[in-house]
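There are 2 protein chains.
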Amino acid sequence: MSIDDILADALRLVKPDRLEEARVETLSSIVLGKVREILASEGVDAEAEILGSVAKGTWLKGDYDIDVFILYPPHIDRGVLEDLSLRIGVRVFEDLGGRWILRYAEHPYVEGWIDDVRVNIVPACRSRPGSWVTAVDRTPYHTEYVRRMIRSEEERDQVRLLKKFMKGVGVYGADVRVSGFSGYLCELFIISFGSFIETIRSAARGWRGLFIDLEGYYDSIEAARKVFGDQPLIVVDPVDPNRNVASPVSLTKLSEFTAASRLFLDKPSIVFFNPPSIEVDIDSIRRAIECRGTSILALAFEEPRIPPDTLWGEIHRSLRAFVNVFEKWEFRVIRSSAWSGEGLTVFIVELESRFIPGVKLHRGPPVDSREAYRFLEKYMGGDIRVSGPWIDGDRWYVARRRGYSDAYLLAMDVLKGDLLAYGFSKDIAASIARGFGIYMDGGLLELAVRCRSFLEYLYDLLDGRPRWLRFGFSKDTCG
Amino acid sequence: MSIDDILADALRLVKPDRLEEARVETLSSIVLGKVREILASEGVDAEAEILGSVAKGTWLKGDYDIDVFILYPPHIDRGVLEDLSLRIGVRVFEDLGGRWILRYAEHPYVEGWIDDVRVNIVPACRSRPGSWVTAVDRTPYHTEYVRRMIRSEEERDQVRLLKKFMKGVGVYGADVRVSGFSGYLCELFIISFGSFIETIRSAARGWRGLFIDLEGYYDSIEAARKVFGDQPLIVVDPVDPNRNVASPVSLTKLSEFTAASRLFLDKPSIVFFNPPSIEVDIDSIRRAIECRGTSILALAFEEPRIPPDTLWGEIHRSLRAFVNVFEKWEFRVIRSSAWSGEGLTVFIVELESRFIPGVKLHRGPPVDSREAYRFLEKYMGGDIRVSGPWIDGDRWYVARRRGYSDAYLLAMDVLKGDLLAYGFSKDIAASIARGFGIYMDGGLLELAVRCRSFLEYLYDLLDGRPRWLRFGFSKDTCG
Numbered sequence: 020m021s022i023d024d025i026l027a028d029a030l031r032l033v034k035p036d037r038l039e040e041a042r043v044e045t046l047s048s049i050v051l052g053k054v055r056e057i058l059a060s061e062g063v064d065a066e067a068e069i070l071g072s073v074a075k076g077t078w079l080k081g082d083y084d085i086d087v088f089i090l091y092p093p094h095i096d097r098g099v100l101e102d103l104s105l106r107i108g109v110r111v112f113e114d115l116g117g118r119w120i121l122r123y124a125e126h127p128y129v130e131g132w133i134d135d136v137r138v139n140i141v142p143a144c145r146s147r148p149g150s151w152v153t154a155v156d157r158t159p160y161h162t163e164y165v166r167r168m169i170r171s172e173e174e175r176d177q178v179r180l181l182k183k184f185m186k187g188v189g190v191y192g193a194d195v196r197v198s199g200f201s202g203y204l205c206e207l208f209i210i211s212f213g214s215f216i217e218t219i220r221s222a223a224r225g226w227r228g229l230f231i232d233l234e235g236y237y238d239s240i241e242a243a244r245k246v247f248g249d250q251p252l253i254v255v256d257p258v259d260p261n262r263n264v265a266s267p268v269s270l271t272k273l274s275e276f277t278a279a280s281r282l283f284l285d286k287p288s289i290v291f292f293n294p295p296s297i298e299v300d301i302d303s304i305r306r307a308i309e310c311r312g313t314s315i316l317a318l319a320f321e322e323p324r325i326p327p328d329t330l331w332g333e334i335h336r337s338l339r340a341f342v343n344v345f346e347k348w349e350f351r352v353i354r355s356s357a358w359s360g361e362g363l364t365v366f367i368v369e370l371e372s373r374f375i376p377g378v379k380l381h382r383g384p385p386v387d388s389r390e391a392y393r394f395l396e397k398y399m400g401g402d403i404r405v406s407g408p409w410i411d412g413d414r415w416y417v418a419r420r421r422g423y424s425d426a427y428l429l430a431m432d433v434l435k436g437d438l439l440a441y442g443f444s445k446d447i448a449a450s451i452a453r454g455f456g457i458y459m460d461g462g463l464l465e466l467a468v469r470c471r472s473f474l475e476y477l478y479d480l481l482d483g484r485p486r487w488l489r490f491g492f493s494k495d496t497c498g
Numbered sequence: 020m021s022i023d024d025i026l027a028d029a030l031r032l033v034k035p036d037r038l039e040e041a042r043v044e045t046l047s048s049i050v051l052g053k054v055r056e057i058l059a060s061e062g063v064d065a066e067a068e069i070l071g072s073v074a075k076g077t078w079l080k081g082d083y084d085i086d087v088f089i090l091y092p093p094h095i096d097r098g099v100l101e102d103l104s105l106r107i108g109v110r111v112f113e114d115l116g117g118r119w120i121l122r123y124a125e126h127p128y129v130e131g132w133i134d135d136v137r138v139n140i141v142p143a144c145r146s147r148p149g150s151w152v153t154a155v156d157r158t159p160y161h162t163e164y165v166r167r168m169i170r171s172e173e174e175r176d177q178v179r180l181l182k183k184f185m186k187g188v189g190v191y192g193a194d195v196r197v198s199g200f201s202g203y204l205c206e207l208f209i210i211s212f213g214s215f216i217e218t219i220r221s222a223a224r225g226w227r228g229l230f231i232d233l234e235g236y237y238d239s240i241e242a243a244r245k246v247f248g249d250q251p252l253i254v255v256d257p258v259d260p261n262r263n264v265a266s267p268v269s270l271t272k273l274s275e276f277t278a279a280s281r282l283f284l285d286k287p288s289i290v291f292f293n294p295p296s297i298e299v300d301i302d303s304i305r306r307a308i309e310c311r312g313t314s315i316l317a318l319a320f321e322e323p324r325i326p327p328d329t330l331w332g333e334i335h336r337s338l339r340a341f342v343n344v345f346e347k348w349e350f351r352v353i354r355s356s357a358w359s360g361e362g363l364t365v366f367i368v369e370l371e372s373r374f375i376p377g378v379k380l381h382r383g384p385p386v387d388s389r390e391a392y393r394f395l396e397k398y399m400g401g402d403i404r405v406s407g408p409w410i411d412g413d414r415w416y417v418a419r420r421r422g423y424s425d426a427y428l429l430a431m432d433v434l435k436g437d438l439l440a441y442g443f444s445k446d447i448a449a450s451i452a453r454g455f456g457i458y459m460d461g462g463l464l465e466l467a468v469r470c471r472s473f474l475e476y477l478y479d480l481l482d483g484r485p486r487w488l489r490f491g492f493s494k495d496t497c498g
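Protein sequence lines correspond, in order, to chains A and B.
Quick note on the working numbering: the first sequence kicks off at 20 and runs consecutively.
Quick note on the working numbering: the second sequence kicks off at 20 and runs consecutively.
Read the hints as simulated data drawn from the structure, not as lab findings.
This structure is a prediction, so every number in the text was calculated from the model and none was measured.
Each hint should be verified, as a subset may be incorrect.
Pairs involving identical chains hold if they fit within one copy or between any two copies, as the list cannot separate such chains.
To be verified - With a straight-line cut-off of 16 angstroms between C-alpha atoms, the simulated EDC-like cross-links for lysine to aspartate or glutamate are:
1. 347 / 387
2. 286 / 396
3. 445 / 387
4. 379 / 346
5. 347 / 446
6. 347 / 23
7. 445 / 101
8. 186 / 446
9. 397 / 61
10. 53 / 309
11. 379 / 349
12. 34 / 96
13. 397 / 349
14. 435 / 36
15. 245 / 232
16. 286 / 302
17. 379 / 130
18. 435 / 232
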């Protein structure tokens, strides 16, 4: 199939039909009307607006939130803003007959459902650019900018294709867990490159060092680097020259997008937009682990009850600390990964082998150094010396026993020790201190049987390939 | 015991008694007279002289050769020089009733025994300094220089102590096997530092970068480095400014001398001059190997019949090539060593473990590189892929099967392959091609039972410590 045919198919997946558009429009005006009514009836000095992808007309078919912003004057007291907004938000859902919960991101908002559509009531300030009061004060400007720059339905479709492609290859989402591309970033790419395919072509050439500055705030990338540092991708926010819209994008996600774009151009396929679901059965996973020849160690503990971005920041940091322990003791780590869900957090570390030799070569100090004598004192006697010390070149060497030759025992000692000192984060250290489990190799299946989504995660991890690569690559097509 | 007492004891070990001196003197004049008689009777235009440690009076008790040099005019034809000298040399031993063999070092000479004393008849030219014709033309100048600079018996005793110490700690000998210090170098150290103990004190501070230029040929060490390059120790030959007398000294031997000197000053003992012999029994070696926890692999083959310095040059090079193979395939090498004697050469490589995990993490090319596609083609299918490829940071990674997880199988494949391509030297490659044996761990004892000197070598290697360290170190004395 040609790229054009693929894109036509993909468009059918992402473009809302008339019915959906009508429904979104109707629901939006009902909710907006309700909010404005409450504001008026309570005499609140604020305006309400629909913002986000619904306002911009760039949402993906069947996949939309209605974001209603309550915009206050910038001088409003922060406490008043929060109290008022939560009260108004709750009343909206009570009046319209929906369920709701309070969300605490960087600042609080009310999330609710009306007819199974998610509606967010979000407070913000009408602050001037550069004098932002809340974290979401830029949103009205973003919405306004995109509506001004993306005027045709064709352009909105290009945004939708790009979002769907990024979702399909797993790089969509600016939250800490994904560390990928936001919807706004997709819109800026379409404004910058003109179309989905030109964005993909550019990405395929590699985006490290890419610099996009639509409003021309900076004379050069060097000038921008003075503000943003050495980030791999810089996309200056058109409404705020001091913000890099691409700063949440990790180097890994950037690289994944480049690799997927390359492969898509070489072998266009709908799987990049719509990856097939996988059939996972526990027996095939059991066999895969058994004949793999590595050692897989899983650490499971209760998921700390903290906001998702905080949680995933802690997970990334603590997993790194856990991996460091194995590397410090010379276990060879193949890959590490984390999963969290259903009240459980799991760290997975795959090692070349659970056991390493009990003896190692240890390089000592130079023969003519001050430390040489301490080295000899330590290694001439005692239990850890196996052979030596001897001299090679200008240094002492000794063959000594390793501190740990079993990764399981190492993990147990670490996890019962001072986790903060090892670099684990506060909430995760506290959770592990309350209790943890270590599961080795086939033992992982105990976790997997409990939870379908963990099973799928494990299946993908064992395979190791991103799904777009697994389903999108075939040998004969590579140049 | 004080250092003075130790040195007095050591001196008794190394200083020849009157009887030995008389014997050396008598035998020297008999041999010298005989050579001169033959030269005269044949009308050869050459002179004969006693040179070397006997002429300098610096030989060690019970350990001397009588070196008779036949000195020709520098314009003599090389072939004539060799033919004449061998003929004369043979006649000396036939006339005096000794046995003899022809030796081919860099140039040929006759080695013989009279009354169990080794006598060498060596041809050389009376060439002017800097216009050397044969490799040993410097010897008359060396002998003359040392006799001029070392005039007292006390100074000669200092040379003897230094030689004996160096022998005792295993750094004496400029041959390729030892790659240590020559007797002439010992004499130059005593001339330079004045005494044994001052030499040791200097060495204990570390000799890397030491520069000795007794005749002041160079303005600075930088000027000397232009001639000698980056050698760790430079001792300019007083009779030849273009020669570094210390160039045969390896960094390891230099470091061993420094370390032994430090320890001797801290804990003076006769063991540095006269290390105790060791009691080796094969059962204790067997037990030591069994509970060691490493894997020892020995390669044995017929010793190539080439001069010792050539042999040991090839051994060092080929052992390095053998070790490189293991390191390339990611076996962790603890130590390597070689032994040669009684027609057999043995390479020993001690590994952390004979077996390593069958799977490894393999880092691929950057995602945006040209090589990325070749990497995907190679690792998406086929038997060596275990998991992946996946992206981390800006690169592809894959978990793949190792080429070898058993060092024995690797060694077998290499030794049956193209050894020259692996970097083995010519004669050793040829010998291995004719046949070899691999002995693992306890299997080494098969070699050891054949040969006492190999057994002692193996004992020292397993212990790992130089003998001076093993017997000269005790914990309580270290500062």
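The hints, checked one at a time:
1. For the identical chains of this complex, residue 347 and residue 387 are neighbours neither inside a copy (27 angstroms) nor across copies (31 angstroms), given an alpha-carbon limit of 16 angstroms.
2. Within a single copy, residue 286 and residue 396 get their C-alpha atoms only as close as 64 angstroms, which misses the 16 angstroms cut-off; across copies the closest is 14 angstroms, which meets it.
3. In the homo-oligomer, the alpha carbons of residue 445 and residue 387 never lie at most 16 angstroms apart, since the shortest distance is 44 angstroms inside one protomer and 37 angstroms across protomers.
4. For the homomeric pair residue 379 and residue 346, the shortest alpha-carbon distances inside one copy (14 angstroms) and between copies (14 angstroms) are both at most 16 angstroms.
5. For the homomeric pair residue 347 and residue 446, neither the shortest alpha-carbon distance inside one copy (24 angstroms) nor that between copies (43 angstroms) is at most 16 angstroms.
6. Taking the closest pair of Cα atoms, residue 347 and residue 23 never come within 16 angstroms of each other, the shortest separation being 51 angstroms inside a single copy and 49 angstroms across copies.
7. Taking CA atoms no more than 16 angstroms apart as the test, residue 445 paired with residue 101 passes in neither setting, with 28 angstroms inside one copy and 84 angstroms between copies.
8. In this homomeric assembly, residue 186 and residue 446 never come within 16 angstroms of each other (Cα to Cα): the closest approach is 30 angstroms inside a single copy and 64 angstroms across copies.
9. In this assembly of identical chains, the alpha carbons of residue 397 and residue 61 never lie at most 16 angstroms apart, being 78 angstroms within a copy and 68 angstroms across copies at closest.
10. Proximity of residue 53 and residue 309 under a CA criterion of 16 angstroms is satisfied in neither setting, with 59 angstroms inside one chain copy and 84 angstroms between copies.
11. For the identical chains of this complex, residue 379 and residue 349 are neighbours both inside a copy (10 angstroms) and across copies (14 angstroms), given an alpha-carbon limit of 16 angstroms.
12. In this assembly of identical chains, the alpha carbons of residue 34 and residue 96 never lie at most 16 angstroms apart, being 41 angstroms within a copy and 99 angstroms across copies at closest.
13. For the identical chains of this complex, residue 397 and residue 349 are neighbours neither inside a copy (21 angstroms) nor across copies (29 angstroms), given an alpha-carbon limit of 16 angstroms.
14. Taking the shortest Cα distances, residue 435 and residue 36 never come within 16 angstroms of each other, neither inside one copy (56 angstroms) nor across copies (71 angstroms).
15. In this assembly of identical chains, residue 245 and residue 232 lie within 16 angstroms of each other by CA distance solely inside one copy; the values are 14 angstroms within and 55 angstroms between copies.
16. In this homomeric assembly, residue 286 and residue 302 never come within 16 angstroms of each other (Cα to Cα): the closest approach is 33 angstroms inside a single copy and 67 angstroms across copies.
17. For a Cα distance limit of 16 angstroms, the shortest separation of residue 379 from residue 130 qualifies neither inside one copy, at 57 angstroms, nor across copies, at 47 angstroms.
18. In the homo-oligomer, the alpha carbons of residue 435 and residue 232 never lie at most 16 angstroms apart, since the shortest distance is 50 angstroms inside one protomer and 63 angstroms across protomers.
Checked against the numbered hints above, the structure violates hints 1, 3, 5, 6, 7, 8, 9, 10, 12, 13, 14, 16, 17, 18; every other hint is satisfied.
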